[in-house]
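Here is what each chain is made of, one letter per residue.
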Amino acid sequence: MSDIDRLVAAIDPVPHASEQGQDARELFDEIVATPVRARRRVRWPVVVPVATVLAVAIVMGAVFIPADAPSGIAPAAALAFQRSGDDWIVTVKDLYADPERFASEFRARGLDIRLWITPGSPSTVGHVTSRTLSEGDGIEEESVACESPGGGCAVSFRIPAGFRGSEQIWFARPARPGERYDSAGDADATGELLHCVPFRGMTVDEVRAVLAGRDGSIAEFRVGERSDPAQHVPGDWFVQDAVPTAPGQVIVSAQPDRVKLSPELTTYVEKKMAECPRD
Amino acid sequence: MTHPPGARDRFEAIYNAHYPAIHQYAARRTDSREDTADVMSETFLTAWRRIADVPEGETALLWLYGVACRVLANQRRGQSSRAGLAERLRDESSATRASGPDGLDHVRVAFDGLSARDREVLALACWEGLTGPEIGRVLGCTATAARIRLHRARRRLARALGLTEEDQAITELRGESL
Numbered sequence: 001m002s003d004i005d006r007l008v009a010a011i012d013p014v015p016h017a018s019e020q021g022q023d024a025r026e027l028f029d030e031i032v033a034t035p036v037r038a039r040r041r042v043r044w045p046v047v048v049p050v051a052t053v054l055a056v057a058i059v060m061g062a063v064f065i066p067a068d069a070p071s072g073i074a075p076a077a078a079l080a081f082q083r084s085g086d087d088w089i090v091t092v093k094d095l096y097a098d099p100e101r102f103a104s105e106f107r108a109r110g111l112d113i114r115l116w117i118t119p120g121s122p123s124t125v126g127h128v129t130s131r132t133l134s135e136g137d138g139i140e141e142e143s144v145a146c147e148s149p150g151g152g153c154a155v156s157f158r159i160p161a162g163f164r165g166s167e168q169i170w171f172a173r174p175a176r177p178g179e180r181y182d183s184a185g186d187a188d189a190t191g192e193l194l195h196c197v198p199f200r201g202m203t204v205d206e207v208r209a210v211l212a213g214r215d216g217s218i219a220e221f222r223v224g225e226r227s228d229p230a231q232h233v234p235g236d237w238f239v240q241d242a243v244p245t246a247p248g249q250v251i252v253s254a255q256p257d258r259v260k261l262s263p264e265l266t267t268y269v270e271k272k273m274a275e276c277p278r279d
Numbered sequence: 001m002t003h004p005p006g007a008r009d010r011f012e013a014i015y016n017a018h019y020p021a022i023h024q025y026a027a028r029r030t031d032s033r034e035d036t037a038d039v040m041s042e043t044f045l046t047a048w049r050r051i052a053d054v055p056e057g058e059t060a061l062l063w064l065y066g067v068a069c070r071v072l073a074n075q076r077r078g079q080s081s082r083a084g085l086a087e088r089l090r091d092e093s094s095a096t097r098a099s100g101p102d103g104l105d106h107v108r109v110a111f112d113g114l115s116a117r118d119r120e121v122l123a124l125a126c127w128e129g130l131t132g133p134e135i136g137r138v139l140g141c142t143a144t145a146a147r148i149r150l151h152r153a154r155r156r157l158a159r160a161l162g163l164t165e166e167d168q169a170i171t172e173l174r175g176e177s178l
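Each protein sequence line maps, in turn, to chains W and D.
If you use UniProt numbering, the first sequence corresponds to residues 1 to 279, in order.
If you use UniProt numbering, the second sequence corresponds to residues 1 to 178, in order.
I should point out that these hints are in silico values taken from the structure, not numbers from a laboratory.
We treat Cβ as the ideally placed atom computed from N, Cα and C, and that holds for glycine.
Treat each hint with caution, since some may be false.
What follows is a list of derived Cβ distance ranges for each label pair [said to hold, decoys possible]:
#1 W:23 / D:56: 24 to 30 Å
#2 W:142 / D:116: 19 to 25 Å
#3 W:16 / D:112: 42 to 48 Å
#4 D:53 / W:82: 22 to 28 Å
#5 D:28 / W:232: 27 to 33 Å
#6 W:276 / D:105: 47 to 53 Å
#7 W:108 / D:56: 45 to 51 Å
Just a few of them, taken from the derived set where beta-carbon distance is under 7 Å, the chain W residues facing chain D [unchecked claim]:
#8 5
#9 9
#10 12
#11 261
Work the whole structure out from these sequences, hints included.
What follows is the structure in structure tokens.
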């Protein structure tokens, strides 16, 4: 836990759960006495079942909805707007369009929305990586049937037609040769260089060997408490973390001492490894 | 339409297992017992109506947090649309309510000064103790996006407190030095 996390934990306004008393019992009785109505459609985050993760062992590439062939004489739009009730469903048609084009197409519909589509590491491709939204602005990612190494992917947004705020959205696309990533997922996420490698705690030499077998390499190291850059570290140092920085490249945090994983991280790694094919 | 047999037992198990955590979640984010009670009843009513959608095991808690989060957002929207003087006065009194003799008022001020979005992601991490992927499930974003949001929120709070934050899990590379 970082210092910041400790400070936030220390100002927890309700540090202890209350007992489940009479109120809880009454609420329960009231709820189960409620007649069940017809189901509404549920919007729940894209959840990638383990089986899907296994099935999506696909090679990275441009895996977005193919842009429709432009019809008519107008230049192809970077965004497609489709009306759905009180909302616009906006679909990105041209991942490589200039951000100014997105802005002007939004502006044409009275929307002050800036969209940046930047190169991301494979597991972030097809996902919104960052947004500056005010709570409850009503803009939501729409999941569409497209394949990315992470499973579900969102290349459409649902935007209330009456949206009068200002919003910036960053969205990850595959990197072109020579491009560096603007956003990176976990180095062992599906589709990433170290997928299915329990690299945390391995030695630098071991990780280097795994990477070499996958046409990858360590671009640089980060060492010490301040995460200082280093070009070389001894091969028997231990790997703390790795961050994808460009196709085939990771930056590795390393330290001379053995790495102690937190219980949460251990559980996370175990879960991830359980999804991997066994030799 | 009625629930299949066994739905009541399943709901009861979920209710008993997660009531305390959801109550704590709601109490942390509301100013009055009445508002907390409203969030509880609406959240669990949703779970009852959609019992077939509630995931099995511990994930059910994340699902419930997600529902409660939306309920709270609706509640706040309702309050801000009323936007009466009484509401504003209450908001002001709630800002001073939390102060205590623990020397952490500067942290509360800095925390309250963050956007609602930053506060939520920090609270999920530090109060509910959720991990990045879990936060992603509650907020309906990817684990990566959740980590990025958390990282940014921590950094903004650190800046507001005049601290430099050392965080190894850096995922945002844009213009950042790792």
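Against the structure, the hints:
no. : hint                      : verdict
1   : W:23 / D:56: 24 to 30 Å   : holds (27 Å)
2   : W:142 / D:116: 19 to 25 Å : holds (23 Å)
3   : W:16 / D:112: 42 to 48 Å  : violated (22 Å)
4   : D:53 / W:82: 22 to 28 Å   : holds (27 Å)
5   : D:28 / W:232: 27 to 33 Å  : violated (47 Å)
6   : W:276 / D:105: 47 to 53 Å : holds (48 Å)
7   : W:108 / D:56: 45 to 51 Å  : holds (47 Å)
8   : 5                         : holds (5 Å)
9   : 9                         : holds (5 Å)
10  : 12                        : holds (5 Å)
11  : 261                       : violated (12 Å)
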